[in-house]
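Going down the list, the sequences are from chains A and B.
Numbering-wise, my numbering puts 87 at position 83 of the first sequence, and it's gapless, one number per residue.
Numbering-wise, my numbering puts 970 at position 41 of the second sequence, and it's gapless, one number per residue.
Some hints could be false.
What the hints assert, rightly or not - SDA-like, lysine to any residue: derived pairs with alpha carbons at most 25 angstroms apart:
no., chain 1, residue 1, chain 2, residue 2
1, B, Lys949, A, Ala186
2, B, Lys1047, B, Glu1014
3, B, Lys1236, A, Gly178
4, B, Lys1307, A, Glu274
5, B, Lys1236, A, Phe179
6, A, Lys146, B, Leu1310
7, B, Lys953, A, Glu274
8, B, Lys1236, A, Lys146
9, B, Lys956, A, Lys146
Said to hold, decoys possible - Among the chain A residues that face chain B by a calculated CB cut under 8 angstroms, a handful are:
no., residue
10, Phe32
11, Leu51
12, Leu60
13, Leu205
14, Leu207
15, Val210
These aren't lab readings, by the way, just hints derived from the structure by calculation.
Where a beta carbon is used, it is the ideal one built from N, C-alpha and C, also for glycine.
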Amino acid sequence: MALPKYTEPHYRIWHYFYLFVCGCVFFFLIAPLFVIFPLSFNAEEFLVFTDGMKRLDPDAFSTRWYKDMVYGTKNPWGLAAKNSFIIAIFATIGSIILGTLAALGLSSRHMPYKGLIMAILISPMIVPLIISGVAIFFFMAKAGLAATHLGIILAHIILGTPFVVITVTATLSGFDHSITRAASSLGSNPFNTFMKITLPLILPGVISGGLFAFVTSFDEVVVVLFLAGLDNTTIPVQMWTGLREQLSPTILAVATCLIVLSILILLTAELLRRRSERLRGINR
Amino acid sequence: MSSEQKILSTDGIPLEESLKQAEKKNKIKAFLLVTPLLLFLIITYIIPIADMFSRSIDDKMVTNMLPKTYKAMEQWDGKELPSEEVFKAFYLDYKILVENKTAGKLQTQLNYEKNGFKSVLKKLARKQKKFEEGNYKEQIMKVHKRWRNVDYWRAIKRRAPSYTYSKYLKGVDMYSNEEGKIIQVAENRRIHRILWSRTLEVAFFVTFFCFLMAYPIAHLLATLPMKYSNLLMICVLLPFWTSLLVRTASWMILLQQQGLVNDFFVWIGLVTNDNRPEMMYNKTGTYVAMTQILLPFMVLPLYSVMKTISPSLMRAGKSLGATPGVAFFKIYFPLTIPGIGAGCLLVFILAIGYYITPALVGGASGTLISNQIAYHMKSTLDWSFASAMGLMLLTGVLVIYWIYNKLVGVDNIKLG
């Protein structure tokens, strides 16, 4: 944003001050993430920048914590990663199916009690997680699903569906319903119409809702802490216990992997958003 | 064609009726699509939350442990010592409990009602094996002189109802005393009120700090040309997508005594190397970490509102003689109020229920009400108290959400 030539000096100063403040806030937002990165390659067991690291001495850096993460004895990360992925993938599939169906119904203009139903469907997003955790724990304990994968998957479906409902409803808001009617009038059955016409058009919304559901499940710790037994430990639970007991560099290695994963998810989400806007003809 | 004749559709049914049928069919179709998720959520989520309420007021435990006693007590007016009948019933009930080894629960529960009840009951458990039949009143009163004190019998009587609101009173540091009056607990034991006010305080200030930081950057993102703003948007979205625990971990590293923030303070000479301030395990840590973690939730709604404000409005204001400051406060700022409302309430609701970050960086003086709920769920196992506090928190959140809905509308929630 270049300033016009006629700008008076004190506005100029004000403008640079504003840019400086913005710079500080962006730094505050993003910098903490990048502290983890170099420290995870620390050769020492301390969580501070050693003198060797400050001098960029190659001996001060090592990948031993990554090796420890993968091969370390008694290390729970392998099991935790496996559980995390299994739970997140099934929770995402469940959220997508239930959420998309509900969004299709909700965006029909014939839907009765729309406001009330929408409020119920997105309530897991509004209710503080700790309360959701307590309520879901009571249910799962009664149903005999505490400390099972199925219980955690169901819990994450509860938490993940609101995102799918919201994103898919948003995609459907610009949806031209006459094309599905056209398909029906040309002899397509409802299922075919959905698969061939509706789904491809709302797919970006479905996938980005699915991404939200995946991240929610993958990152969720409050509910899992109530539900998980020793066999159902997930990455966030392991990080939580690790951070409570002792901050070890292995955790930083795991954290670095998670940051890389989130960069990948961010890129996917961003690409999808652009594609969706293009499809819906929104040019901003 | 007479005017009474109705218009018929092709299959001979009056058009009005045919339309109604089609409408009804569409309604059912739409509803059927929503049904699976709706049923799933009602069964696994809504009913359990409602169940928390019955759990929080449930007080059947003592009632069920002393069935005969409460039956006998129905006649007792509570003014003087109860009759032999009550003593006998209590002896019989208590004997069963001691034999089943569940007397400990009763002792704990009654001790909540009247301090010192536990030891009296324990003594009775030992002595009652030698009791002879008949005249239980005398025998029980001989075991401990407190059995002559009518207050202890009143304490038992108070637990007769199957339902109680005492957990809610406990949540705000009050209790109902022997006469049934609601009074506050001693001043040095009012922990919950401190937690409630601290939770509100932290949520309020975190929201405020988030607003102060998010407003300029959302403005910058909305006014910069697309190619720069897309790049900067990543700075907002990357933390948004990154695991909460990763971000908390990075703050734990930064804020520790030998951490980079302290290094920086020493370097610029703000503090000396020997007395580096403690920035973690207190409120400072909670504030800093929560502000950074919740900041994207403020930036995104602000950004989406600011994006729709046409820059020509500000130019028009300036061309009519307003200084940039006046133009900003009279034109730009009022237009962003929907975004401010959305962002603030979103951050406030999230902050008020925060659990993980305060537990890790908050220490003892930075814990919030959610930590207390989790503590009672996992450590003391006082689930009814945890439920009561959870519902109190939920009520607060629903009130805020209701305001949010009135001001902004639920449909305006935007994600990224």
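Hints the structure fails to honour: 4, 7, 8, 9, 12, 13, 14 and 15
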